[in-house]
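If you're matching them up, the sequences are chains W and B in order. Residue numbers for the first sequence, in my numbering: 303 to 658. Residue numbers for the second sequence, in my numbering: 61 to 217.
In case anyone wonders, no lab produced these hints; they're calculated from the structure. We treat Cβ as the ideally placed atom computed from N, Cα and C, and that holds for glycine. Warning: the hint list may mix true and false statements.
[To be verified] Some chain B residues judged to face chain W by a derived CB distance under 8 Å, without partners named:
1. Tyr90
2. Glu142
3. Asp145
4. Pro150
5. Asp153
6. Arg192
7. Leu200
8. Ser201
[To be verified] Calculated pairs, DMTMM-like style, for lysine to aspartate or glutamate (alpha carbon to alpha carbon, straight line, at most 25 Å):
9. W:Lys322 / B:Glu91
10. W:Lys324 / B:Asp153
11. B:Lys117 / B:Glu205
12. W:Lys322 / B:Glu75
13. W:Lys304 / B:Asp109
14. B:Lys106 / B:Glu91
15. W:Lys573 / W:Glu460
16. W:Lys304 / B:Asp153
17. W:Lys304 / B:Asp63
18. W:Lys573 / B:Asp153
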Amino acid sequence: MKKYNEYMDGVTVSDTLHEKLKHLEAPKKKPQTWKKYGAMAAALVLVLGLGAWGVSRMSGPELGQTAEGPVSSSNAIEIAPEPVPSGGPLTEPVPGDPVDPNARPTTIGGYEVHSDAFGGIVSFHMLPYIEYGQVEEDTAASLALPLGVYRRELTAEEVNAILNGENIIGTHLDWSQYDLGGYALLHEDGTLFMLVIHGSKGNSGMEHFVLEVAPGHIPATCMVYEESVVNEINGAEVTADGHDGKLASTRRVSFLYDEFGYRFEVTGADKEDVERKVSRLVRFILGGVNEFVENGDKDYRVTDIRLNFSAVPAVGMPDTGSGTVIVPPETLYDENGNAYTQGYDPSASQPPVPEP
Amino acid sequence: MNDTNRLEALIDRYENTLLRAALAILGDPYEAEDAVQDTYLCYLEKCPDFRDEGHEKAWLLTVCANGCKSRLRQRKSRPTTELLDIYPAPDRDSGEVAEAVLALPANQRAAVHLFYYEGYSTQEIARILGQRPGTVRSHLSRARETLRRELKGELEL
Chain W
303 MKKYNEYMDG
313 VTVSDTLHEK
323 LKHLEAPKKK
333 PQTWKKYGAM
343 AAALVLVLGL
353 GAWGVSRMSG
363 PELGQTAEGP
373 VSSSNAIEIA
383 PEPVPSGGPL
393 TEPVPGDPVD
403 PNARPTTIGG
413 YEVHSDAFGG
423 IVSFHMLPYI
433 EYGQVEEDTA
443 ASLALPLGVY
453 RRELTAEEVN
463 AILNGENIIG
473 THLDWSQYDL
483 GGYALLHEDG
493 TLFMLVIHGS
503 KGNSGMEHFV
513 LEVAPGHIPA
523 TCMVYEESVV
533 NEINGAEVTA
543 DGHDGKLAST
553 RRVSFLYDEF
563 GYRFEVTGAD
573 KEDVERKVSR
583 LVRFILGGVN
593 EFVENGDKDY
603 RVTDIRLNFS
613 AVPAVGMPDT
623 GSGTVIVPPE
633 TLYDENGNAY
643 TQGYDPSASQ
653 PPVPEP
Chain B
61 MNDTNRLEAL
71 IDRYENTLLR
81 AALAILGDPY
91 EAEDAVQDTY
101 LCYLEKCPDF
111 RDEGHEKAWL
121 LTVCANGCKS
131 RLRQRKSRPT
141 TELLDIYPAP
151 DRDSGEVAEA
161 VLALPANQRA
171 AVHLFYYEGY
181 STQEIARILG
191 QRPGTVRSHL
201 SRARETLRRE
211 LKGELEL
């Protein structure tokens with residue numbers, strides 16, 4: 303492309319533009335939520351032992367202490383500075399990398415930090431960073447549902463149960479401001495073809511999401527995007543793409559995990575918020591949520607919370623071919639601290655469940 | 061080096077690079093100038109630390125390309141300003157090739173510019189443009205076919 307290069311070599315910035323560039327001023331920065339805590343945020347330390355995707359609530363004891371006393375230096379995590387990118391010019395993205403410089407969760411030392419409704423500080427393990435392909439052209443493909451598939455609307459209670467309640471909906475997914483709804487597409491024999499949960503908020507029509515889940519395959523869609531990017535997150539391949547319009551941004555992910563396929567699309571006016579919501583959902587599905595609950599009898603319950611498919615309308619569970627019904631196992635602990643797992647398999651005889 | 065000196069150094073080093081890339085993607089000289097300004101504004105806002113000059117250039121080009129893509133999505137009609145009126149070609153042949161490249165779709169123009177003019181690999185271009193390497197190769201391949209057809213083999217690309 304010698305002739306093209308010769309042309310471009312002759313293109314130079316005018317004196318007027320050069321002067322404008324030299325006199326540019328940095329735009330004013332908006333304060334981030336966690337910076338309101340100032341020294342508190344800087345001194346935040348987190349206790350290990352809550353699992354890879356744990357939640358730590360620091361609203362009760364003073365920062366730096368657990369209910370039992372000060373955090374020992376051996377298991378405390380100090381706040382680390384933002385990592386400096388390393389490697390060659392175009393390696394895997396880290397915060398500050400140019401691939402998508404405007405999309406980053408609010409973090410301190412790898413933990414997302416924000417205030418909760420009670421004025422305390424809630425921290426989460428870092429949201430997964432997702433690289434999105436920018437969509438310019440859509441290709442529509444035809445979508446054909448299998449014969450005999452029918453639709454059943456979900457009640458609000460069913461949607462709530464599938465998502466495992468208000469704590470997951472509000473704290474972990476950040477969907478509490480949305481009006482939620484959903485439906486199940488079912489085969490003639492009542493098994494699940496696809497589950498759809500959707501949410502919308504406000505009157506602009508620009509703030510909404512849809513989550514589609516299908517057993518054994520990524521949910522069917524009528525849109526094909528050429529510019530998607532494949533991310534590897536927690537061992538799963540997450541395909542991501544997005545589009546930034548004048549009024550709103552859309553981000554989409556799709557992936558297979560644990561014999562279910564997922565597609566999640568969010569649209570909203572705040573691009574960073576949209577991307578955080580996608581990352582929250584991805585973290586929830588791929589990592590689950592560990593809730594550690596202690597009751598008065600010192601009976602500890604650690605539950606790996608994911609989507610609750612058993613709350614799908616009582617017409618049966620997806621058959622993945624193995625003959626086993628898939629339900630997330632629940633781990634319980636007896637008074638001696640011994641763990642046992644209760645899983646549901648109607649085709650096998652169940653061992654007696656120890657009394658708590 | 062303080063922030064002002066850093067910015068001036070980056071302007072002196074890359075202003076032409078960014079303008080050329082923005083022109084290749086947008087095809088409009090006035091929008092391209094705005095895109096260059098936006099790129100440096102983004103630099104001032106983010107204040108990234110660069111590990112070397114290669115990272116520095118790639119960062120700026122990526123921000124510039126993202127800005128250009130946003131402008132393309134918001135564009136309601138094709139640009140009316142003839143690029144070659146503002147930036148004339150040194151000779152007839154280079155003008156013809158430049159016009160042929162600028163007549164390509166934006167995705168192909170961007171890939172052609174970054175590959176042939178800037179010398180990036182398809183992997184690197186994929187990172188800059190936020191696309192898959194296969195997509196970049198596809199854009200380059202189609203661009204070459206179109207250019208061969210339009211220029212009828214008369215000019216060495």
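Q) What are the numbers of the hints that this structure violates, sorted from low to high? A) Hints 1, 2, 3, 7, 8, 10, 11, 13, 15, 17 and 18 contradicted; others consistent.
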